[in-house]
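Participant: Using the sequences and the hints, build the whole thing.
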Amino acid sequence: MISPLGEILEENMEPSGIVTLITDFGLSDPYVGQLKGALLSSWRAVQIVDICHQVQRHGLLEGAYCLATSYHHFPAGTVHLIVVDPGVGTDRAILAAQGDGHLFIAPDNGLLSILLAGHKIQSLHRVGHSQAGVSATFHGRDIMAPLAADLARGRSLKSLGEEYAPADCILLEAGRVEQGEGEVRGAVLRIDSFGNIRTSIRATDLTALRLDLPLEVELSGQRMVMLLSWTYGLLDGGRPGLLWDSDGFLEVAVNQGDAAALLGVEQGAAVVLRQVSIRQ
Amino acid sequence: MISPLGEILEENMEPSGIVTLITDFGLSDPYVGQLKGALLSSWRAVQIVDICHQVQRHGLLEGAYCLATSYHHFPAGTVHLIVVDPGVGTDRAILAAQGDGHLFIAPDNGLLSILLAGHKIQSLHRVGHSQAGVSATFHGRDIMAPLAADLARGRSLKSLGEEYAPADCILLEAGRVEQGEGEVRGAVLRIDSFGNIRTSIRATDLTALRLDLPLEVELSGQRMVMLLSWTYGLLDGGRPGLLWDSDGFLEVAVNQGDAAALLGVEQGAAVVLRQVSIRQ
Amino acid sequence: MISPLGEILEENMEPSGIVTLITDFGLSDPYVGQLKGALLSSWRAVQIVDICHQVQRHGLLEGAYCLATSYHHFPAGTVHLIVVDPGVGTDRAILAAQGDGHLFIAPDNGLLSILLAGHKIQSLHRVGHSQAGVSATFHGRDIMAPLAADLARGRSLKSLGEEYAPADCILLEAGRVEQGEGEVRGAVLRIDSFGNIRTSIRATDLTALRLDLPLEVELSGQRMVMLLSWTYGLLDGGRPGLLWDSDGFLEVAVNQGDAAALLGVEQGAAVVLRQVSIRQ
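Taken in sequence, the protein lines are chains X, L and W.
Here the first sequence stands for residues 3 to 282, where the numbers follow the working numbering.
Here the second sequence stands for residues 3 to 282, where the numbers follow the working numbering.
Here the third sequence stands for residues 3 to 282, where the numbers follow the working numbering.
Don't take each hint at face value.
If you want the ones that stay clear, here's a sample from chain X, every Cβ over 12 Å from chain L, calculated [said to hold, decoys possible]:
| # | residue |
| --- | --- |
| 1 | Ser43 |
| 2 | Gly112 |
| 3 | His121 |
| 4 | Gly156 |
| 5 | Arg157 |
| 6 | Ser158 |
| 7 | Gly163 |
| 8 | Arg178 |
| 9 | Gly182 |
| 10 | Gly197 |
| 11 | Asp207 |
| 12 | Ala272 |
Simulated restraints, written as ranges between beta carbons of each label pair [stated by the list, open to error]:
| # | chain 1 | residue 1 | chain 2 | residue 2 | range |
| --- | --- | --- | --- | --- | --- |
| 13 | W | Ala47 | L | Ala205 | 31 to 39 Å |
| 14 | X | Ala167 | W | Glu175 | 55 to 63 Å |
| 15 | L | Val274 | X | Ser195 | 31 to 39 Å |
| 16 | L | His74 | X | Ala119 | 42 to 50 Å |
| 17 | L | Ala78 | W | Arg155 | 13 to 21 Å |
| 18 | L | Arg94 | X | Ala167 | 49 to 57 Å |
Sample of chain L residues at the chain X side, in silico, Cβ under 7 Å [what the hints assert, rightly or not]:
| # | residue |
| --- | --- |
| 19 | Gly28 |
| 20 | Ser30 |
| 21 | Asp31 |
| 22 | Pro32 |
| 23 | Gly35 |
| 24 | Gln36 |
| 25 | Lys38 |
| 26 | Gly39 |
| 27 | Ala40 |
| 28 | Leu42 |
| 29 | Ser44 |
| 30 | Arg46 |
| 31 | Pro88 |
| 32 | Gly91 |
| 33 | Thr139 |
| 34 | Phe140 |
These aren't lab readings, by the way, just hints derived from the structure by calculation.
C-beta: ideal position from N, C-alpha, C; glycine also.
Facilitator: Here it is, written out as C-alpha cells:
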C-alpha cells in the first residue's frame, strides 16, 4: 500500500494551509480553544476549520466515519487532525498519514480504519516525540496540534518519524459489509441529529439486488418493506424509506421525521437488505 | 421593489469576502464542516463566519429571524447563506438576493420573509443549476455553498439565473403585527437560550401607547402588568418586565431568570399589549 | 502591581491580530455571530477564535477558570474578550488589561480574579464609552467587541480610559487554597464534559504531602483513598484516581468514566487532601 508512487505524490503535494478538526471534546469546555491556540502558536498563518467536536465520547467508529465522509470536501493538501483518544498517555502510537491528496494526524486506535480499508492511505509514519513540556492527558493540544501545524506549512511526513506498516494499524471491525444468499448485511454507522439512519452499505454492495423494486429491510429485529427514493421530499409522509445519503451510503429516513426514534434503532445495529419475494 | 437603483447598487457593491452561515444542521454531525469544505474548495480565500447552526430543525421562522437580526452587523458586501431546507431535492427554488448592502442565498421557503416585508431586498434571482455531481439531499453543500463562494469573490447576481419577482416568493405569516382598538397584537418570534421572550413588536408599532406608564401584557392567556425598563439589571428582582432587545424588538425578560419558563410561553405564542386603565 | 515595567512591556507588545472569545451566550442563539460581525465591522482583518461559548449562564468562576487555563496557549499579543455579564447596562465597569504578554477585555465582575490573584496583570484601565448607538442589553457586541478589535490592531490600552487599581476590582472568593494541619483545602473549580473533577489545588500547594504515597481525598462528605497517576490509561479500571490535569491543577478522574457522576460531586464543592495515616 505504501508505494513509490505514494512517495512521489507526497513530495509534490502542496499544502493548503488548512487544518481541520474532528474531536470528542464537546463544546462546553475550553479544550477545543486551547488546541486552536496551540495550532496558532505553532504557525500563525494556519487556517483552522471545525468539522465536528461532538463525536460521541471515545466514539472511534463515529470519528472514523466523520473523517471518511468529510475530508474530500476540502481543498487538496489539507491536514485533518482527529483527536478521539481514550488511550492518551499510554504507549499507543500517533500516526501521520498521507493519501488521496490529503494529510492526516490521529492516534493509532482505528480512526483511520475506513480510509485504510478503502486503500486511500499511501504513506504512513509513526510520530516520534519528546516528553518535554507535554501534559500526559492532552496530547491533542501538546503533541498533535504542533505536528499538524508543521505539516500544514510544508514539513515532510517522513521527517516526523519512522515508516509504519498499515498492517500494524488498529482496525475497527464494525461496519463491514457482507454478501449473503440473496441478501446484503451491513451495520448502522451513525444516527445523525435529524434521526437519519446511516448504514455502511454503498451502491457497489448492492449489485445483486434490484433497486427499482421494493426491498425488505431488517433493522433491530424488525422487517419492513421500503422503496429507494431520490430525496426526502419524495418519501411517503411519515413512512420510512431508503435513500442514498449525501456521502453515497444507504440511509433509512423519514421525511421531516426522526427515523431512528420511530424504529428504535441505535448506532451499531445490524442491517440486512433482501429483495421482497413476489409470488407470481 | 426591484428598481434601477437596486441594479446600480448591486453593480457597485464590493464583496467583503465573508460568507456567514445560518443552518439547522446542529453541531453533532459533520455537515457544517463539509459545507465549509465545499466553500473553501470553491474559493480558497473565502472567510467563513458561523452565525448559528442550531436553528430548530426545519424552523423557518427562527431562521428568518436569525438572519434579519444578524446580517447588518457584518461588513457591507457580505454573503449570507441560510440553509434550513425541508424541501431539499424537490422543485423549490433557490434564491440569490441583494439588498441593504448585503447578499443572500437561501431556498425559497420563507427564510427571506422578514427582509422582504421590510423592503430590504432590491434584487432577486432564481438560481439555475445542473444536477451533475449533486446529491439530492444536501443542496446546501453541493449547490448553495459554491454559489455563495462565487458571490463572495465578486460574481454578479444576475449571472446566477433569471430574475424572480418578490411577489412569487413564499412568505411566512407568523409574527405580523396588527393594531387593534387600544391594543397592539404580535407574536413571540423566539425564546432565546437565556429564556428571554423576543416578540415581533417594534417601537414604531407602539406609537399609540404610552411607554412611560404601566402596560398590560397578554401572553399565553395570562394578563400581567409590566413596566418598560432600560436594561436587565433594572428589572424588579424575579418579576418579568419589558425591554427593547438588542435588535430593537420588544422583549419580556426576568433579571438573571428565565422568563419563558416562568410564564410558560413558547415560540409562536400571541402577545397583546394594552395600556393599563387607571381609574381617576 | 502596575509598574513602570508593565508600561514598558505594554509599549513594546506587538498585537497578534487575534481576538479570542469566551462567553455564556451558548450556541443556539445568533448572539455569538452578531458579536463576530461587530468585530469584523470594526476591523476587517481581525482573526477570531472561539475558546468557549457554553460557560454556565452567569458563571463567573467558570469564565475566570476558562480564561486562566486558556489564554497562554495563544500567540503573545492576543486579545481575549470575555463576556459573562449579568450586570450589563448597570454601572459596572468595563476593564481593559494587559499582562503576561496578552490583552484582556471583560466586565469588572470577577472574570479576571484568577489572573489578578496570580499577579499576571500589569496594566489595568477602566474603559470610557459613549452611549450613542449602544443597546442597553448587549454591551459585548456594541462596546466590548469594537474595543477588542481596536486593541487587536494596535491601539494602546491607556487610550481606552483611565487607569484602574487592581484593589478596586471585584474578586471571586471561591477556589482559594488553604493549608491546614496535615491537610490542604481547596474547591472544585469545574466539572468538565468528560466528568473530570478539576480542583483549585496546584503542585505548589502540596509541598507538605508525599505524592508517591496514597492520599485521602475528601469530596462532598466522602473520604476515599486515591493514588496520583501519570495518565488516565493508568488509573485502575472504574476507580477514581488523582492526576495533574493538562493545566497543572489536581484532578479527580475515572479512566473512560465519569468521576463527577460516580461520586456525586458538583462545581464549587470543597475538596480536602490528607496523607493516609499508616500504622507501623
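Participant: For each hint, tell me whether it holds in the structure or not.
Facilitator: Each hint, compared with the structure:
| no. | hint | in the structure |
| --- | --- | --- |
| 1 | Ser43 | holds, 21 Å |
| 2 | Gly112 | holds, 17 Å |
| 3 | His121 | holds, 22 Å |
| 4 | Gly156 | holds, 16 Å |
| 5 | Arg157 | holds, 20 Å |
| 6 | Ser158 | holds, 22 Å |
| 7 | Gly163 | holds, 28 Å |
| 8 | Arg178 | holds, 21 Å |
| 9 | Gly182 | holds, 28 Å |
| 10 | Gly197 | violated, 9 Å |
| 11 | Asp207 | holds, 18 Å |
| 12 | Ala272 | holds, 22 Å |
| 13 | W:Ala47 / L:Ala205: 31 to 39 Å | holds, 35 Å |
| 14 | X:Ala167 / W:Glu175: 55 to 63 Å | holds, 57 Å |
| 15 | L:Val274 / X:Ser195: 31 to 39 Å | holds, 36 Å |
| 16 | L:His74 / X:Ala119: 42 to 50 Å | holds, 49 Å |
| 17 | L:Ala78 / W:Arg155: 13 to 21 Å | holds, 19 Å |
| 18 | L:Arg94 / X:Ala167: 49 to 57 Å | holds, 51 Å |
| 19 | Gly28 | holds, 4 Å |
| 20 | Ser30 | holds, 4 Å |
| 21 | Asp31 | holds, 5 Å |
| 22 | Pro32 | holds, 5 Å |
| 23 | Gly35 | holds, 3 Å |
| 24 | Gln36 | holds, 5 Å |
| 25 | Lys38 | holds, 5 Å |
| 26 | Gly39 | holds, 3 Å |
| 27 | Ala40 | holds, 5 Å |
| 28 | Leu42 | holds, 6 Å |
| 29 | Ser44 | violated, 9 Å |
| 30 | Arg46 | holds, 6 Å |
| 31 | Pro88 | holds, 6 Å |
| 32 | Gly91 | holds, 3 Å |
| 33 | Thr139 | holds, 5 Å |
| 34 | Phe140 | holds, 4 Å |
Hints 10, 29 from the earlier list are contradicted by this structure; the remaining hints agree with it.
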